[in-house]
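Visitor: Residue-level listing of the chains:
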Amino acid sequence: MTVVLEEALPLLPRLRRHARLLCGDTARADDLLQDTLERAARKGALFHAEPGPTRQDALRNWLLTLMHRLYLNQRRDAREALHDSLDEEDTAQPLVHEPQQQVALRLDLERALAALPAAAREILLLVCVEELSYQDAARVLDVPVGTVMSRLSRARERLRQSMSGGEAGRAPLRVVK
Amino acid sequence: MTHDDDHDLDETTLHAYVDGQLDPARAAAVADRLLRHPRAAQQVLAWREQRESLQALHREWLDEPIPPRLTAALRPEAANAPRWPRAWAAALLLTVGVGTGLAGGWGGHAWWHAKQEAAERASAEAAARAAGRDPSVPDYVRDAAIAHAVYQPEQRHPVEVGADQADHLIQWLSKRLGQPLHAPVLRDYGWKLVGGRLLPAGDDAAPGAPLARAQFMYENETGERFTLYVSTGARSPEAPVAFRLTRRVEAGQTTRSLYWIDGTLAYALSGNFDEKRLRILADLVHARIGMADRLPVKPPAS
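Residue numbers (our numbering), protein chains in the order written: chain B, 1 to 177; chain D, 178 to 479.
Mixed in with the good hints, there may be bad ones.
[Claimed, not checked] Cross-link-like lysine to aspartate or glutamate pairs, in silico, EDC-like; alpha carbons within 20 Å at most: (1) D:Lys369 x D:Asp344; (2) D:Lys369 x D:Asp341; (3) D:Lys453 x D:Glu229; (4) D:Lys453 x D:Asp240; (5) D:Lys453 x B:Glu131; (6) B:Lys43 x B:Asp142; (7) D:Lys369 x B:Asp142; (8) D:Lys369 x D:Glu337; (9) B:Lys43 x B:Glu6; (10) D:Lys369 x B:Glu6; (11) D:Lys453 x B:Asp142; (12) D:Lys369 x D:Asp460; (13) D:Lys453 x D:Glu401; (14) D:Lys369 x D:Glu401; (15) D:Lys453 x B:Glu130.
Calculated from the structure, these hints are not laboratory results.
Whole structure, please, built from the sequences with the hints as guidance.
Guide: Listed below in structure tokens is the structure:
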């Protein structure tokens, strides 16, 4: 069990960013991650994976599964499964050392992401940012692969629309690097 | 199923193409068809840009320190364990003794004189620029990349002391560097310690600091190697807790080094692989060293 805990440490920065982008709020995100890790510490014996190069991916997917299950429960509890709460006063993180234009653009993307329905945000973060396979994303979210595909397709279109002010077919967003 | 244009360029396939979910042959076929279907190609481009901008979103958060309450959630019992380095150093002092060699480094702890720092930094940066180097990269990182390039290809004598004498190796290098060192165990990730060696510090060694550096070498089953270079008292403009990446070409091979400073030790992890793999390794190494620091004290083998 200790092995699992120790192995999870290098994953924490990514999991934390994932939670923060998912929740749009650092305090809530850290609570979510803490709940996830506590659950993982209790259930460590349930994690099985062969040692080897894929082990860390397996561990990450398992932790993501725990996190998304908790996230779903939270939304259910708050009866906001459909209308994900979006606090307008959510303060953006201070962005330092960055040219002005990039900051403006990134905030747009960040706001647009935060304004998506939770299910759309989940799928974009899992597939695009964490680069999970569709099968792994389906397992994490406990939905069929077909659902992953349809959610992904809708999420991409919604994000594009909200970033182009709702206009159809406008120029795609610029890459922020 | 037919593989006509319509099928190969349906929406599901294009998503899968953008997300790297197609096998290489299929992806190549799609790429080929996209050349003749500009509308689909534009769609793919837009999705790909969206994907990349999402990936870039708050990448800087990855370098932020993790709040202790989160690591504590993983390991509640570690909270009141005694701190490892100081106790370990004391034990080492008693059992090994520091009469030999670089005793100055022990007593001094004098590698960071605030008064001299600014002036020295300015002159060092000027010298580095004059020599065509990037002054934002600490010199020890360059030394680490060179040492990596020298010893990584070595078949007969890659290390001075092999992993079969791991305890001796760690004690010896710890003593010479005047700090307790750790060579993290990475066997469960397929990397085994080959061993380590003592290296001379470069000309950037701070006054009073040990003149020694340590290099640990790891190897996997396919014979790939990376090295972990440890320096005390390396001068850098500021101590980056975050990982920084640098790249240099030595003997026709690109060596990438990720470097960071943790407490009084500066690390550079160098390898000849891509940034992603290097980052995973660096995360792992950094975490394992952190864990070792939190271990309860055990008496060093004498």
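Visitor: Within 20 Å, alpha carbon to alpha carbon, are Lys369 of chain D and Asp341 of chain D?
Guide: Since the Cα atoms of Lys369 of chain D and Asp341 of chain D sit roughly 11 Å apart, the hinted pair holds (cutoff 20 Å).
Visitor: For Lys453 of chain D and Glu130 of chain B, compute the direct alpha-carbon distance and say whether it is at most 20 Å.
Guide: holds (13 Å)
Visitor: Holds or violated: Lys43 of chain B with Asp142 of chain B, Cα cutoff 20 Å?
Guide: Measuring from Cα to Cα gives roughly 18 Å; hence the hint holds.
Visitor: Taken at face value, is the distance from the CA of Glu401 of chain D to the CA of Lys369 of chain D at most 20 Å?
Guide: holds (11 Å)
Visitor: Would the pair Lys453 of chain D and Glu229 of chain D pass a check requiring their Cα atoms to be no farther apart than 20 Å?
Guide: holds (15 Å)
Visitor: Is Lys369 of chain D within 20 Å of Glu6 of chain B, Cα to Cα?
Guide: holds (18 Å)
Visitor: Would you check the hint for Lys453 of chain D and Asp142 of chain B, treating anything up to 20 Å between C-alpha atoms as holding?
Guide: violated (28 Å)
Visitor: Hey, Lys453 of chain D versus Glu131 of chain B, does the alpha-carbon distance stay inside 20 Å?
Guide: holds (13 Å)
Visitor: Between the alpha carbons of Lys453 of chain D and Glu401 of chain D, is the straight-line distance 20 Å or under?
Guide: holds (15 Å)
Visitor: Tell me if the straight-line CA distance from Lys369 of chain D to Glu337 of chain D falls inside 20 Å.
Guide: Given that 20 Å is the threshold and the Cα spacing comes to 16 Å, the pair holds.
Visitor: For the pair supplied as a hint, Lys453 of chain D and Asp240 of chain D, is the alpha-carbon distance within the 20 Å limit?
Guide: holds (14 Å)
Visitor: Holds or violated: Lys43 of chain B and Glu6 of chain B, Cα atoms, limit 20 Å.
Guide: holds (14 Å)
Taken one by one, the earlier hints fail for this structure at numbers 7 and 11, listed in ascending order.
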